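**Student:** Sequences listed follow chains A, B and C, in order.
Here my numbering is used: the first residue of the first sequence is 1, the next is one more, and so on.
Here my numbering is used: the first residue of the second sequence is 1, the next is one more, and so on.
Here my numbering is used: the first residue of the third sequence is 1, the next is one more, and so on.
Treat the hints loosely; a few may be bogus.
Stated by the list, open to error - Stretch by stretch, here's where chain A covers chain B in the computed footprint (C-beta under 8 Å, at least three residues): (1) 2-9; (2) 68-77; (3) 82-95.
Stated by the list, open to error - A few chain B residues that face chain A, going by a derived Cβ cut-off under 8 Å, partial list only: (4) 36; (5) 50; (6) 125; (7) 152.
Said to hold, decoys possible - Quick list of simulated restraints, FRET-style, between CB atoms: (8) B:120 - A:156: 16 to 26 Å; (9) A:251 - C:231: 26 to 36 Å; (10) B:52 - A:204: 51 to 61 Å; (11) A:62 - C:276: 50 to 60 Å; (12) A:80 - B:27: 35 to 45 Å; (13) A:119 - C:278: 25 to 35 Å; (14) B:94 - A:115: 47 to 57 Å; (15) C:231 - A:115: 16 to 26 Å.
Derived from the structure by calculation, the hints contain no laboratory data.
Because the structure is a prediction, the values reported are computed rather than measured.
Where a beta carbon is used, it is the ideal one built from N, C-alpha and C, also for glycine.
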Amino acid sequence: MNQFLTLTVGGIASGAVYAALGLSLVIIFRATRVVNFAQPALALLSTYLAFTVSQATGSYWLGFLVAIVGGAVLGAASDRLLIRPARAHGELGSVIVTLGFLLVAQAVSGMIWTSEPRSFGYAFDFRGLFSAANVFAVVAVLVTAGAVLLLFKATPLGLRMRAAAFAPEAASLVGVRVGLMVTVGAMLAAAVGALAGLLAVPPLLYPTVLDGIFVYALTAAVVGGLDNPIGTVVAGFTVGIGLSYVSGYLGPELVTLASLAVLVLVLSLRPNGLFGRGLARRV
Amino acid sequence: MLELSTVVTTYGAVRAVDGVSLSAPAGALTAVLGANGAGKTSLLRTISGLVAPRSGSIRFDDTEIAGVAPDRVARMGLGHVPEHGGVITELTVRENLRLGALHRRDKADRAVALGEVLDLFPPLASRLSAQASTLSGGERQMLAIGRALMGRPRMLLLDEPSLGLAPMVTAQIMRVLRNLRADRGLTVLLVEQNARSALSVAEHAYVLALGRVVVDAPAHAITAEALHDVYLGAR
Amino acid sequence: MSLLVRHLLLALLALAAVVTLSLVVDPFTNVRIATVGYYLVAVAGLTLLTGTNGQISLGHGAFMFIGAYTVALLVIHVPGFPFWLDLLLAAFAAGLAGALTGAAAARLHGPYLAGATLALAVGLPALTQRFPDALGGSNGLAFTVHSLPAGLAVPQTRWQAWVVWTTALLVLVLLANVTRGRFGRILRAVRDDEVSAALAGIHIGRTKILAFLLSATCGGLAGGLQAFLLGTAAPGSFTLALSLSLLAAMVLGGVGSLWGAFWGALALVYVPVWANDLTHGLDLGTDVAQHLPLAVFGVVLVAVVLVFPRGIHGTVTRLVSAIRKKESHEKNP
Chain A
1 MNQFLTLTVG GIASGAVYAA LGLSLVIIFR ATRVVNFAQP ALALLSTYLA FTVSQATGSY
61 WLGFLVAIVG GAVLGAASDR LLIRPARAHG ELGSVIVTLG FLLVAQAVSG MIWTSEPRSF
121 GYAFDFRGLF SAANVFAVVA VLVTAGAVLL LFKATPLGLR MRAAAFAPEA ASLVGVRVGL
181 MVTVGAMLAA AVGALAGLLA VPPLLYPTVL DGIFVYALTA AVVGGLDNPI GTVVAGFTVG
241 IGLSYVSGYL GPELVTLASL AVLVLVLSLR PNGLFGRGLA RRV
Chain B
1 MLELSTVVTT YGAVRAVDGV SLSAPAGALT AVLGANGAGK TSLLRTISGL VAPRSGSIRF
61 DDTEIAGVAP DRVARMGLGH VPEHGGVITE LTVRENLRLG ALHRRDKADR AVALGEVLDL
121 FPPLASRLSA QASTLSGGER QMLAIGRALM GRPRMLLLDE PSLGLAPMVT AQIMRVLRNL
181 RADRGLTVLL VEQNARSALS VAEHAYVLAL GRVVVDAPAH AITAEALHDV YLGAR
Chain C
1 MSLLVRHLLL ALLALAAVVT LSLVVDPFTN VRIATVGYYL VAVAGLTLLT GTNGQISLGH
61 GAFMFIGAYT VALLVIHVPG FPFWLDLLLA AFAAGLAGAL TGAAAARLHG PYLAGATLAL
121 AVGLPALTQR FPDALGGSNG LAFTVHSLPA GLAVPQTRWQ AWVVWTTALL VLVLLANVTR
181 GRFGRILRAV RDDEVSAALA GIHIGRTKIL AFLLSATCGG LAGGLQAFLL GTAAPGSFTL
241 ALSLSLLAAM VLGGVGSLWG AFWGALALVY VPVWANDLTH GLDLGTDVAQ HLPLAVFGVV
301 LVAVVLVFPR GIHGTVTRLV SAIRKKESHE KNP
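Looking at chain A on its own, in the form it has when it is part of the complex (with noise of 0.2 Å):
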């Protein structure tokens, strides 16, 4: 009983990490339509910028800051130098455009940080069951999830952001500046990611930290469904449980197997995920 209590928690917390990098996801394919393979890559970049900030300055929050900040600003670079040129070599040429940025960035952060793994510290204690940092994390995405869903429903600049997702050619018609919309999304779900990374890498950091965390966040992604944000996120948090019990009774190393199976499981039954409402638009 006791174990079982101890996965679910930790469950719990690690589905706020992939709850929080599958809605970054989720941000980006609704302003872009394209599935980002990059999201990670930034959360990375990120991530080591936030490194050596707190490592300059000795404060983490600095570090949290600059990270954010930082992302938005990746992302929005990103989406103008990379994902809009490629959008017109189609699909397949978007995803190979991405995957290419995940291996320079991976590659970049070798360089200049090595692949030496290095330590990197949680926002709070993160001792015991109900730990601080645990809290930390599940609020923190909550909060961030709940806020980006105000934003989208409730404001001006997110009514904007929805019409120039569904409808660019209509939404320009009555003065939306659709171009600026995607960038805004685009740095919306940098800045998400980065808020990933820097909960998931804890207390390791070296350059393909994120990849099994990539998996599971894009596993959470598809079963919610790629334009739904709050079935996204409940995902993560159920595929965090659920790989904590798979991780605590079959072994660690199955975790991505077991990933992958669902994965396959719910596209092949809905292969638009379990609430999504797929990547063609209707008219």
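Could you slot chains B and C onto chain A? The hints should help.
**Tutor:** Okay, now just chains B and C, sitting in the frame of chain A:
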């Protein structure tokens, strides 16, 4: 208010708009007629900026707008209601309408504008929270026009608002357009296949065929024979 | 002359060229020649799946992993088997995995398929940690292969290059025949328009699974040859970066082209060499040296999509046909 001078728009090798010159005076309702494929939609898309013209000049209130991005053109006061309305089906009716007003700075006026649009199109008032995808064809067209009006445009471009609509709904919409012109002095450029209903509300009309203007006359002077020739190909 | 005979003759010529080359270069270069050989097999398999059949797979490294470990396990536990049997079984095991993957992925497309295969690439090597005793954990398995026929006095590296390239050329002949023929047309039909292909009577699911099977078989063969060459099979060789590098090689060489697979394989071997020389020349340190090849492949992926969509082979073909056109214009003004 709107002056086009030898505008040419090409899609690859196709000259969809082949040297069109027309003028839509302020406060008037000008019709652009023609059969399918005559270039009417391409013409509107060129004016509003969705497509850049190959050559020619488009002057809106003495400002050159040829090749200007559509969102800028909209903010200048030129509203375009595209073919089928362009209603965003994933948003609610209220959200669609709000969207139309967002580019204006005067926030207080947004509520006033909404009230006016709902007066013009009463069916929308009871469907404000509904998703736009659940609206009928006529309601969608009303929503599309209402959304464009929320931005308080000085001129409205309408692309075949009667398409697929029952005659009664079409008449209703034409009545609204006529009243808008009379009450607010709204300038309208109306593109229509349905010549009769368009001519009943227009002062002046142009008829397009294969991307060119073949008839340029006051609405009352356009005869059934002339239209017959153009639509069925005698010219 | 039938297509098959022509391909076989070409392959024989190529083999002769490789053998001649192997006689004159040093052992180190022979290892590199062999490496190009097995990468060629891997990339050729990938280009069949992604280029000809349109199924984007980020999991090719996983099939190489299966091939390598199958060979390693067979050599260690069943030393009686001749080496060609080990290779065959490695190819078979990977092919089976490929068929399973293809079946599971038959309803997936585009980014979803990419995501699923990515999960496979990341997740499969983790099995070595789950079963550390059988699979050797992080250190992997080490073994020696005795494949040199008795009485043949050839240096090890040269022999290895011959074995790898004979296998590679056989595979290429097979693939070339398959892609030029009816099955190739079916693959392309499914890639271009599934609905039309189905209406034409093509069984979509079966085609896709078969494509995965063939592609994975090549991957497994490549992995087995790598194990043969290195004498080890370790999880560190089969990272996500490997799968992405194979993708980069395919895209650089030219998607869907077997010649492109050759250019891609060359790049996979020589870009790290050049990167290494570059960093030593500029004195940039081991961290840069270690990661520069991956950065280059990443840039290649981006650059090829944005600037050279047809890759090396495509650009070369275009140049050649442009020159031919010019010549014929000059001859017939």
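**Student:** Would you mind marking each hint as holding or not holding in the structure?
**Tutor:** Status of the hints after comparison with the structure:
| no. | hint | result |
| --- | --- | --- |
| 1 | 2-9 | violated (count 0) |
| 2 | 68-77 | holds (count 5) |
| 3 | 82-95 | holds (count 8) |
| 4 | 36 | violated (19 Å) |
| 5 | 50 | holds (6 Å) |
| 6 | 125 | violated (20 Å) |
| 7 | 152 | violated (11 Å) |
| 8 | B:120 - A:156: 16 to 26 Å | holds (23 Å) |
| 9 | A:251 - C:231: 26 to 36 Å | holds (29 Å) |
| 10 | B:52 - A:204: 51 to 61 Å | holds (53 Å) |
| 11 | A:62 - C:276: 50 to 60 Å | violated (38 Å) |
| 12 | A:80 - B:27: 35 to 45 Å | holds (43 Å) |
| 13 | A:119 - C:278: 25 to 35 Å | holds (32 Å) |
| 14 | B:94 - A:115: 47 to 57 Å | holds (54 Å) |
| 15 | C:231 - A:115: 16 to 26 Å | holds (24 Å) |
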